[in-house]
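Colleague: Position chain B relative to chain A; hints supplied.
Line order of the protein sequences matches chains A and B. Position 161 (the first sequence) corresponds to 161 in the numbering used here; numbering is contiguous. Position 4 (the second sequence) corresponds to 1004 in the numbering used here; numbering is contiguous.
Dumping the calculated SDA-like pairs for lysine to any residue here, alpha-carbon to alpha-carbon at most 25 Å: (1) Lys-254/A with Gln-1047/B; (2) Lys-1006/B with Ala-1034/B; (3) Lys-1003/B with Glu-228/A; (4) Lys-1053/B with Glu-228/A; (5) Lys-254/A with Gly-236/A; (6) Lys-1027/B with Ser-139/A; (7) Lys-1027/B with Thr-188/A; (8) Lys-1008/B with Ala-177/A; (9) Lys-1003/B with Ser-219/A; (10) Lys-1011/B with Asn-173/A; (11) Lys-1076/B with Thr-206/A; (12) Lys-1006/B with Ala-177/A; (13) Lys-1003/B with Thr-179/A; (14) Lys-1012/B with Thr-179/A; (15) Lys-1003/B with Tyr-213/A; (16) Lys-1008/B with Asn-173/A; (17) Lys-1012/B with Gly-230/A; (18) Lys-1003/B with Asn-173/A; (19) Lys-1027/B with Thr-179/A; (20) Lys-1027/B with Asn-173/A; (21) Lys-254/A with Asn-1022/B; (22) Lys-1076/B with Leu-1065/B; (23) Lys-1027/B with Val-141/A; (24) Lys-37/A with Asn-58/A; (25) Lys-1053/B with Leu-201/A; (26) Lys-1053/B with Ile-203/A; (27) Lys-1011/B with Thr-179/A; (28) Lys-1012/B with Ile-172/A; (29) Lys-1008/B with Asp-229/A; (30) Lys-1027/B with Ala-191/A; (31) Lys-1061/B with Ser-204/A; (32) Lys-1003/B with Gly-176/A; (33) Lys-1027/B with Thr-193/A; (34) Lys-1061/B with Gly-212/A; (35) Lys-1003/B with Asp-229/A; (36) Lys-1053/B with Gly-176/A; (37) Lys-1012/B with Asp-229/A; (38) Lys-1006/B with Asn-145/A; (39) Lys-1027/B with Ala-140/A; (40) Lys-1006/B with Ala-175/A.
Calculated from the structure, these hints are not laboratory results. This structure is a prediction, so every number in the text was calculated from the model and none was measured.
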Amino acid sequence: MATTTNYGWTTPDDTALVKDGASAIRTLGSSVDTTTKNLNPETTLGDLSFRSSTSNVNTRIPIGSSGQHLTVVAGVPAWATASDQTPLTTKGDLFTFSTLDARLPVGTNTHVLTADSAEATGLKWAAPAVSASGLTLISAVSFGNVASQDFLSVFTSTYNNYLIVLSGIQRINAAGASTLGISFFTGTNTAYTGGILGGVLRISHTGAAVTGYGSYANSLATISRLEEDGQGRVAGLIQLSRGSGGLTATSNLKSQNNPNDQTNMGTYVGGFNSSNTTSITGFKLLPASGNFDGEARIYGLANS
Amino acid sequence: MNKLDKIKELKKSHPTLNKGVNDEVVKLDADEYAETIARWADAELAQEAEIAKAEADASAKSALLDKLGITADEAKLLLA
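Extracted from the complex, chain A is given alone in its bound form (with noise of 0.2 Å):
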């Protein structure tokens, strides 16, 4: 018997009987149909076949889920469900790449993001730069009815000039003027005893009265007058810089007085040094008597 050449379906020979010849049909229709079955084995509406490993014979793929998309499984198309395709697992990652998707986690509080040509996705979270110039807050304090305020551990190695900004000094529940003092720490909270010179005078806002507030002590230097509760309040700066010769301070202060009573108003001049070159860590403001409040802003000044 013949066979067509694709299919293999039996045909019969050109020389077979006319009398088997309807059965030569039946038997071709049904290779036919059978292999036209088994090439379209799709049943339902959205069906797909593909090849099987059986020649002649292709599989179905019954439609799929909504939202499914056609993946390949053990080599043979598929229906799968989309799954999350970032990287990211926790609270703050950042979808990053390197040859590959990839995950940046959160970095610490305050860091910032920034490029980073060694880093395998090129990005990284470091602390911000120090600029290159300006001022970075160490420290702001106010305080309230204390007969001292100590600063601790302000200054470093970091910076060789400190801005120290004063506001808002003034005394409390005492009566008449008196002056405001300033001396210094070693290490974690040593009082500095190793001389500190200083003077300071007060230039009245008439201009016509210059009066000498200077002090020369071992441990203290007065910085300015303090003004007599409700009578007025200390503000301005205290520049201080730690060079080999040691400690130089240079303050510029003024009392700014209740605009009622301008009596007492005037401007300070004054500086005072020590000859510490290294240890100095914070300083002491008080009164010479009397309890007193305000607010301190220590900053440091970029070496460059």
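Modeller: Same frame as chain A, now just chain B:
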């Protein structure tokens, strides 16, 4: 008033004292309290003495002007 009396007065008006240490307020210990009160006493006595001297000088000046029968401005003119 001598220093001892001034100290007594200050201790009565300030039975305890505080200091600020960075962000904290701490009560002065006995030594710190004694040192602070003594320092306050010295400062206040010096201030009171200064005021008393200024007042005495002013009185003496006024008495002298009266004795001379001239005003302060006339005295300035005389010394110019």
